[in-house]
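Trainee: Chains as they are written, first to last, in the working numbering: chain B, 3 to 284; chain E, -7 to 260.
No incorrect hints appear here.
Which residues of chain E face chain B? A few of them, derived with a C-beta cut under 10 Å, are:
#1 Thr124
#2 Gln126
#3 Ile127
#4 Ala129
#5 Leu133
The calculated label-pair distances, taken between Cβ atoms and stated as ranges, are:
#6 Val58/B x Gly223/E: 20 to 30 Å
#7 Ser115/B x Glu96/E: 30 to 40 Å
#8 Ile23/E x Phe157/B: 29 to 39 Å
#9 Ile15/E x His270/B: 46 to 56 Å
#10 Glu96/E x Glu129/B: 39 to 49 Å
#11 Ile23/E x Glu149/B: 36 to 46 Å
#12 Ile74/B x Gly224/E: 15 to 25 Å
#13 Phe258/E x Ile74/B: 44 to 54 Å
In case anyone wonders, no lab produced these hints; they're calculated from the structure.
All values derive from a computational prediction rather than experimental measurement.
Virtual Cβ for every residue (Gly too), placed ideally from N, Cα, C.
Chain residues, written in single-letter form:
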Amino acid sequence: MPTPSLPLEAPAQASQQPANDVIVFDDVSIAFEEKVVLDGISFRLPRGETKAIFGVAGSGKSTILKLALGLIKPDRGHIYTLGEDVTQMPEEQLFELRRKVGIVFQESALFDSLTVHDNVAFRLMEEGTVDAEEIDRRVREALRFVELENTVDMFPAELSGGMRRRVAIARAIITQPETLLYDSPTGGLDPVTSTTIVELIVKQRDVYKTSSLLVTHRLQDAFIMANHYFDAKANQMRLVPPGGRIEVPLAFLMLRDGKVIFDGDLHHLARTHDEYIREYIS
Amino acid sequence: MAAGDFLSSIELISPSEFAKRKIQSVQDYSILAAQSVANLFRRPRYMADTIQQMDLIGFGSLQIVLASIFFTGAALALNSATTLRRFGATTVIGQLVSIGIIRELGPVLAGLVVAGRNSSGMASELGSMIVTEQIDAMRALGTDPLKKLVTPRVSATVVMLFFLTILGDFLGLLGGSVVATLLLGQDAHSYWSNAWQTLVFSDVFTGLVKPLVFGFIIATVGCYYGLSTKGGTQGVGRSTTEAVVAAMILIIVVDVFVTQLLILIFGS
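Model the full structure from these sequences, guided by the hints.
Mentor: Here's what the structure looks like:
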């Protein structure tokens, strides 16, 4: 089956990043051991939007997140994160930029020799500009957000997989970064825990208006995010009423054979005639 | 796994590719070693991490370093006595043990023991952090792993190996003294004055420069192999083994060059 080209939103072509975009990929390619993983992909993440990235295993979804943070360098192309070309920046400058971006790794990547408190506080303690009392207050606030305040003195090994993901989210949001990157935050979790994580992501999106890239295998999670909004007053996620005026800032990006085959919102996705995508979402 | 499957799983690479990879490894190691030193002069400085590493590396290795050099000093005295008795010169055992331990055996043994214990520890700890994405997480959180993890280990190992060697040297002399007095019937005062008076500045200097070099090798090699880990838990095991082997071989080889260099400088 030929790879269809269905970029429903125009990919970024210019080397200049529009002011409204927090992340722009411009003709980015990368190969590992001669295997091409991303082949000239372009897309942009507008401020305030969440973009869910899909694709089969090994299609380069997690690579996109690492590229966006400058953790790895592409073989070709440019990546603009918060207006900075991360492909041209030395590691020392990237450390500054990364402090404005939060990331939740696939396996949480909590520091196993530190307590939950120290994991969540890591970024604040490293910055060295916040006193211990303020750090403690913010750690508890972040843990309250993920409903894990009682785990503050525990070690990661004592937590379940879902709890570790939530601690990782708390660690990512403690400085209220402008952008969040989630790498399969619900992978391998039971449906109840997955829904809790999804609710946290929706809360972060709708309450704090954080832009985010979300890598996931679970299409149903993205559909929940597309059909729900967070009601701050009731402190819970609610279904978007049919015909309502609530706009959910969620877009979908689909990868195949190293290329972007779809980039658009839920309505475009539902109307696509591409067989591969229809099979994927069915 | 069948033999055919095993053979087909072995990666064959061309000699030029092999050479390229080795040169790349040397280059990466050199950069890591240079940055670990350069980071001493950059902020932030991780004093708490350095002190914690000093405790783990220094105090943690104290018993095995002291025990190994004590018994080596004793064995050296026994072996020397066998030869010296033929010439009726057993009174110079103190001199032989003193020169042997302080110039050579003290620093090398302390280095090898600490390498066996700590190069492997560093490689496995950092390797585990690599395979569980903790190093990537640290970079993503805006912290330089070289500053946070490597430099404290390097400075802690250099400082603690220096003091471990001094203590080890003393225990080595004590081991020789126990053999000389209890087994060979020598006068303890005679042994210690012989051992003390035979030492000149270059002997002590040589014995104190070597642990600084060896400490640097132990920590940088351990950290390099740890941070280069690939391939999950199996990779961590491989890095750990390779780190110990490389650190020990490097210590033995570099010892020859440092000894020759110092002989050239001091002329003896």
